[in-house]
Amino acid sequence: MSDIETYVIKFSIYAAIDGGLDGLARAIHVVRKAPIQFHDMAVIDAGKTKEVSLRISGKKKDIEWLAKKLEKVVEVLEVKVQKMPSEVAIIAAHT
Amino acid sequence: MLVSDALLEALEREGLKVAFGIPGSANLGLYEKIPDHNVNVILMRHEQGAAHAADAYGRVKRKVPGVAFATSGPGATNLVTGLATAYMDSAPMIAITGQVPTAIMGRDAFQETDVVGVTMPITKHSLLVRKPEHVTWAVRAAKVISVTNRPGPVLVDIPRDFWRKDIDFYWPSDEELLKEWIPGYNPTPPKPNPSLIMKAAKLLVEAENPVILVGGGVWWSYATDEVLKLAEILMAPIVTTLMGKNAVPADHPLVLGNAGMHGRPEANYALYNADVVLAIGTRFSDRTVGNFEEFRKGKKIIHIDIDKSEIGKNIDPDVGIVADAREAVKVLREYIVNALKFKRDEEVPIIKKAKEFGEYAWEILLKERGRGMKPWKVLKIVREELPADAIVTTGVGGHQMWAALHYPVLKPGTYLTSGGLGTMGYGFPAAIGAKAAAPDKPVLDIDGDGSFLMTSQNLATVKQYGLNVGVLIFDNGSLQLIRQWQDLFFGHRRVGENLAYLPDFVKLANSFGIEGVRPENYDEMRKAIRRVAQGEALVIDYIVDPDIMVLPMVAPGKVISPENLILTPEQAAGITV
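If you read the protein sequences in the order shown, they are chains A and B. Residue numbers for the first sequence, in this note's numbering: 14 to 108. Residue numbers for the second sequence, in this note's numbering: 2 to 578.
Take these hints with a grain of salt, some might be off.
[To be verified] Covered by chain B, according to a simulated footprint, are these stretches of chain A (three or more residues, beta-carbon under 8 Å):
1) 15 to 22
2) 27 to 34
[What the hints assert, rightly or not] Taking lysine to any residue pairs in the SDA-like style, the calculated list, with each CA pair at most 25 Å apart, reads:
3) A:K61 x B:H47
4) A:K93 x B:K192
5) A:K81 x A:A47
6) B:K180 x B:K192
7) B:K559 x B:E571
8) B:K180 x A:A47
9) A:K85 x B:D175
[Unchecked claim] Quick list of the computed label-pair ranges, beta carbon to beta carbon:
10) A:G60 x B:P36: 25 to 35 Å
11) A:K72 x B:E564: 25 to 35 Å
12) A:A38 x B:M2: 27 to 37 Å
13) A:I41 x B:E385: 48 to 58 Å
14) B:A104 x A:I41: 37 to 47 Å
15) A:D16 x B:E385: 25 to 35 Å
16) B:K18 x A:I41: 18 to 28 Å
Hints are computed from structural coordinates only; laboratory data are not their basis. Treat the numbers as computed from the prediction; the structure is a model and nothing was measured. Glycine is no exception: its CB is placed at the ideal position from the N, C-alpha and C atoms.
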């Protein structure tokens with residue numbers, strides 16, 4: 014049985030100073046280097062923050078490592094990881 | 002107040018009074034105001050050197066990052082290698098770059114580069130100042146981020162048209178800064194989890210052969226004394242990573258030296274054969290342990306690190322403690338002593354075995370081989386002649402590995418090397434930065450011919466500012482480690498390792514107004530090193546036989562175990578990498 018599963022990582026980026034693009038770009042740099050498969054991403058403007066949902070697949074250990082790396086990004090306020098069936102993940106990532 | 006004055010005032014208030022850099026059109030507005038402030042700017046001859054000097058300044062000072070100034074475009078991109086070097090070794094530094102004016106930003110203006118974008122993956126943080134009044138906030142944030150938690154480099158990019166803008170100077174409080182500017186950043190590391198401390202303590206006291214692996218984090222967290230005290234309670238050996246070599250005194254009876262690909266045999270023996278490894282402030286680099294899975298077998302791992310993303314990244318620990326190293330080790334020791342009432346009276350058995358293995362290996366390794374003065378004998382002279390608190394920097398290559406093996410660090414904080422990125426050219430500008438940070442200490446750059454040549458233009462800076470450092474060049478006319486790898490693992494096909502047409506390093510030094518010597522025997526070498534110890538700027542051209550390989554070594558990809566140690570070139574036969 015494959016140990017690859019689908020997850021949604023949700024995180025907030027502090028955007029009050031620069032609009033949040035730099036924080037988002039920095040977060041994407043972190044995701045690029047993670048040993049995961051990227052599916053898609055949604056970003057919603059919430060005033061002082063940008064709310065990001067990231068749908069990815071990978072091993073639990075690597076997903077958790079990615080979440081820890083994202084928490085280190087200075088603009089990132091909070092990171093939540095949810096494991097879910099892939100069909101549900103598609104919906105969750107976009108709501 | 003003008004933005005330029007506000008930035009310099011901010012640097013002064015943060016204690017950042019030394020900067021290394023080169024002016025250009027995008028930061029001339031900043032340079033214009035330097036004479037009005039107590040900020041000493043040292044002109045380097047290439048921005049890479051400015052970054053390395055700032056990095057080294059921060060490594061020596063720890064809580065005061067070095068500062069590098071550069072203009073936009075090529076000035077800023079020339080900092081990139083230095084920023085990556087600092088990032089990989091967790092060294093605090095701040096780069097302040099000029100940017101093209103806001104009106105033409107993004108239009109491919111002359112000397113425009115998106116340096117914030119370029120440096121995102123190789124800095125702890127980078128930011129563009131988007132409003133003139135943000136400049137003091139940016140400097141405060143850069144300082145806090147660079148020196149707290151796991152230290153690292155921060156880049157602040159400032160558009161050229163801001164320098165002469167008039168603003169009301171505002172100095173944000175710590176609370177304001179953290180709440181309004183960087184609310185996602187917590188400068189306070191978490192406290193060690195008590196239940197994990199108890200678990201770790203139990204493993205350590207029940208272990209037959211515990212070994213402490215010290216990384217660079219021990220230096221950054223001021224944990225040296227706590228680590229030594231814990232080792233003395235456990236009577237366990239300390240081995241180090243290359244960065245950890247800078248964190249513990251080599252003459253402590255429990256310190257076995259640095260482990261790794263070119264580690265000391267006794268250290269590698271102990272680390273590989275430990276039943277419990279307590280790793281402190283290290284990321285378990287492949288250069289330290291080799292093959293992760295093989296290394297992990299048959300031992301319990303306790304990993305203490307301030308950066309939670311390091312726990313389990315390369316090696317899955319049995320106990321992972323996210324905390325400041327000094328705090329965690331202190332709590333761990335107190336629990337072992339006070340709650341478990343434990344103290345070992347005799348050294349753990351692995352120390353004797355490791356030393357026996359070391360004696361066996363060194364007898365082979367130190368046999369006379371090659372022509373001329375031997376690197377290990379020269380480095381012995383260096384150690385004998387330099388005072389304990391002298392600072393040594395290194396470039397990257399064969400000489401760096403020789404120094405790792407044969408130059409014992411007696412006082413923590415006095416050995417600066419590019420361990421993570423492995424940046425050739427680091428050693429010489431780093432020596433300049435170290436000298437600026439500690440003007441009363443002798444500073445020697447142990448360098449290679451190839452490595453020194455990459456940043457040697459900064460000899461002019463040494464002369465101009467009287468930043469007297471010595472340079473000991475291992476001159477073997479080749480990229481020695483490349484040659485060695487080609488000989489050992491690539492069928493003796495030497496390609497691109499021959500440094501033909503090297504300059505005469507003595508004449509090169511002379512051309513910058515600096516003395517140079519080429520010792521021909523050990524006595525002359527000793528006299529030359531003594532001159533450096535006495536504070537002279539001196540380039541020492543040490544001619545080394547290129548056929549003397551840096552051994553021991555472990556082939557890349559192999560687990561770093563006693564069985565895999567290559568002690569003679571013949572032992573490498575048949576190894577594929």
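A quick look at each hint next to the structure:
| no. | hint | in the structure |
| --- | --- | --- |
| 1 | 15 to 22 | violated (count 0) |
| 2 | 27 to 34 | holds (count 4) |
| 3 | A:K61 x B:H47 | 40 Å, violated |
| 4 | A:K93 x B:K192 | 22 Å, holds |
| 5 | A:K81 x A:A47 | 11 Å, holds |
| 6 | B:K180 x B:K192 | 21 Å, holds |
| 7 | B:K559 x B:E571 | 17 Å, holds |
| 8 | B:K180 x A:A47 | 30 Å, violated |
| 9 | A:K85 x B:D175 | 20 Å, holds |
| 10 | A:G60 x B:P36: 25 to 35 Å | 44 Å, violated |
| 11 | A:K72 x B:E564: 25 to 35 Å | 31 Å, holds |
| 12 | A:A38 x B:M2: 27 to 37 Å | 32 Å, holds |
| 13 | A:I41 x B:E385: 48 to 58 Å | 53 Å, holds |
| 14 | B:A104 x A:I41: 37 to 47 Å | 28 Å, violated |
| 15 | A:D16 x B:E385: 25 to 35 Å | 56 Å, violated |
| 16 | B:K18 x A:I41: 18 to 28 Å | 37 Å, violated |
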